[in-house]
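J.: Since the structure of chain A is already known, use the hints to place chain B on it.
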Amino acid sequence: MEILVCVKRVPDSAENEIEVKPGGADIKRDDLVYSVNEWDNYAVEEAIQIVDRVGGSVTVATIGNEDSEEVVRREMAMGAQNGLMLVDAAFEGSDGRGIATVLKAAVQKGNYDLVLTGAQADDGAAQVGGMLAAMLDWPYASLVNMIEVQDKKLRIGREIEGGNQEINEILLPCVLSIQTGINEPRYVGIRGIRKVASVEIPVMNASALGVDAAAVGQAGARVKRLDYFVPPAGAGAEMLEGSTDEIAAKLIELLKAKGGLK
Amino acid sequence: MAAPVFAFVLHKDGKADDTAPELAAAARLMRPDAQRVAIVTGADAGVDAVCQELAASYAEVWKFSGDVLAYPNAEIIRALLLKILPKGCTLLLPHTTFGMDLGPGLAVKMDAAYIPDVTAFDGVDGTTLKAVRQEFNGQVSTHLACDISKGAVISVRSGCFPAGESASVGGQVIDKSPEIGELSARRRFVELLQAEVGDVDITKEDVLVSVGRGIGDKENLPLADDLAKAMGAVVSCSRPVVDAKWLEKSRQVGTSGKTVKPKVYLALGISGSFQHMGGLKGNPFIVAVNKNPKAPIFQMANVGVVADVLEFVPELTEKIKTAK
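Protein chains in written order, with numbering that gives the first Met the number 0: chain A, 0 to 261; chain B, 0 to 323.
Simulated from the structure, these hints should not be mistaken for laboratory data. Keep in mind that the hints are not guaranteed to be accurate.
To be verified - Calculated from the model, a selection of chain B residues having no Cβ within reach of chain A, i.e. all distances over 12 Å:
#  : residue
1  : A2
2  : K14
3  : P20
4  : A42
5  : A55
6  : K82
7  : V123
8  : G125
9  : S167
10 : V168
11 : G169
12 : V172
13 : K175
14 : E218
15 : D224
16 : D225
Unchecked claim - In silico DSS-like cross-links for lysine-lysine, where the CA-CA straight-line distance does not exceed 25 Å:
#  : chain 1 : residue 1 : chain 2 : residue 2
17 : B       : K290      : A       : K20
18 : A       : K27       : B       : K293
19 : A       : K261      : B       : K228
20 : B       : K175      : B       : K82
21 : B       : K228      : A       : K255
22 : A       : K261      : B       : K203
23 : B       : K323      : B       : K228
24 : A       : K249      : B       : K290
25 : A       : K257      : B       : K290
26 : A       : K255      : B       : K262
27 : B       : K318      : B       : K217
28 : B       : K228      : B       : K262
29 : A       : K257      : B       : K228
30 : B       : K323      : A       : K261
31 : B       : K248      : B       : K203
32 : A       : K261      : B       : K262
33 : B       : K323      : A       : K255
For clarity, every value in this text was computed on a predicted model and none was experimentally measured. We treat Cβ as the ideally placed atom computed from N, Cα and C, and that holds for glycine.
So that you can see chain A by itself, here it is in the shape it has in the complex (with noise of 0.2 Å):
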């Protein structure tokens, strides 16, 4: 099975707070700490997986810049044979629609079977899986958290609400849309890493993917992002201030009041 996984470099925002710039044009960056977003290091963890039990090989694409490259290396350190960077002035401000139509250029440059993206990134929008397979023509099933190869076909879960699961049977080609906790990915350790520094990644931009630069980008895109904002507060919580000691006193009266300590 060829396997193509997208990934996108994320500021992690389960490490950082995020702030918006004066005026709003765009969050405060220059602090912030980068990683892999979650759900596509969840993708390429099953795709290794399926390559172990079934064969084939697994492609870790992105669409970024030359500070994406360190997170294509680390999931290529995971297990994933190769990498890909999609790099252009064009693609920068792409929407989902955009994102989906450089992707789909690179998908048709290759031969693959299956392509996996995670379920949602830092924008929380869960759209370029879908449209990338719209895009493609192929079947698509989003949420995934359970996959076992058949004969031309995948036999997959879907997470749904209330923690029940959808399963479905999908026709190869397809596009899924991986959700968090479907395995455990393994870790990357510096020699992992440093295993896979020196190997070539190849580039490919606009020109080279035959991707219209009009199509994609800040001018291409169908949303647009107008700023950045915090909405002003509302009353939100009664924040305990003090030492440790003071804190924990004020927290068990109200505790008793509320009913909290039986």
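T.: Same frame as chain A, now just chain B:
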């Protein structure tokens, strides 16, 4: 009069999904002057009851009843919608596991704009729709603008468009089942597997000590266990804790886990994503402990403490024990 705004409504056991009145409210806010049309698909007798129910809040209810629509397989529903929706229309979906499955691909096939997970509308100026959504796990919001003249598929976040009380619009149900025709997809629904039952039922507990990513490691879970024991509470958790296999899925609070209704909810190291908060009902007294002062949970909690869970919790536990 503006073109109609469509809403796709899911249902179960003859009742419309909770998102149905929210979609109607969202449609009203987006385009107050537009006619609202609900689309209902299914195969059983429950479809008719759902259509009648929806006629109170939608001017028209389009009913599609047929065996091929027995289960809402997004790939089949997409084929149907491409057949029956007028060109350039606007369709609202709930931003649920179904909406996420259907919306992006449908928008591409309709050549329409796709706006996911909208939390508010800022009005329509000519053909430009302005809307609000969130990024970075709710830490930051954005305004966006989108030309909807070629149509739009918009998914709306549940809980952001409260239905409110309004008089019935006395809409009419139109049976469009004859238009279904042949529908096929390369993805077939097989079965639904129910969530496993765990050792404790967190949905029945009055006091929950809930742990999130901030607990850091499985080895730190005894800190939460000890606190829960001292309080007479039960431990629950947010999604990352289950993903990391530190606790059973049956302990997870959220839209993809359990819906709980405690009196007191102590959230330790939980950022407060909308998927997590969506599982918390009944207006509990929420205490949040998080080291990130920007964590969205502080907007929703009653009381907040900015602290590292690993340092604060043992002190709190000790103090509760001595106070007893």
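J.: Given the hinted pair K290 of chain B and K20 of chain A, is their Cα-Cα distance within 25 Å?
T.: OK: K290 of chain B and K20 of chain A at ~22 Å, within 25 Å.
J.: Compare the distance between the alpha carbons of K228 of chain B and K255 of chain A with 25 Å, and conclude whether the hinted pair is satisfied.
T.: Holds. K228 of chain B to K255 of chain A sits at ~15 Å (cutoff 25 Å).
J.: A42 of chain B clear of chain A by more than 12 Å, beta carbon to beta carbon?
T.: Fine: 17 Å to the nearest Cβ keeps A42 of chain B off the interface.
J.: Once the closest CB in chain A is found, is it more than 12 Å from G169 of chain B?
T.: 32 Å, holds
J.: Does the structure keep K249 of chain A and K290 of chain B at a Cα separation of 25 Å or less?
T.: With Cα atoms ~18 Å apart, K249 of chain A and K290 of chain B stay inside 25 Å; holds.
J.: Are all beta-carbon distances from E218 of chain B to chain A longer than 12 Å?
T.: 16 Å, holds
J.: May I ask you to check that V123 of chain B keeps its beta-carbon over 12 Å from the closest beta-carbon of chain A?
T.: Given a closest Cβ separation of 15 Å, the condition holds.
J.: Measuring Cβ to Cβ, find out whether A55 of chain B lies farther than 12 Å from everything in chain A.
T.: The claim holds: A55 of chain B sits with its nearest Cβ about 25 Å from chain A, beyond 12 Å.
J.: Would the hint linking K257 of chain A and K228 of chain B be met if the CA-CA limit is 25 Å?
T.: 17 Å, holds
J.: Hey, K175 of chain B versus K82 of chain B, does the alpha-carbon distance stay inside 25 Å?
T.: Holds: K175 of chain B and K82 of chain B sit about 12 Å apart, inside 25 Å.
J.: Is the Cα-Cα distance between K323 of chain B and K255 of chain A 25 Å or less?
T.: It holds: about 11 Å lies between the C-alpha atoms, which stays within 25 Å.
J.: Tell me if the straight-line CA distance from K27 of chain A to K293 of chain B falls inside 25 Å.
T.: 14 Å, holds
Going through the hint list in order, the structure satisfies each hint without exception.
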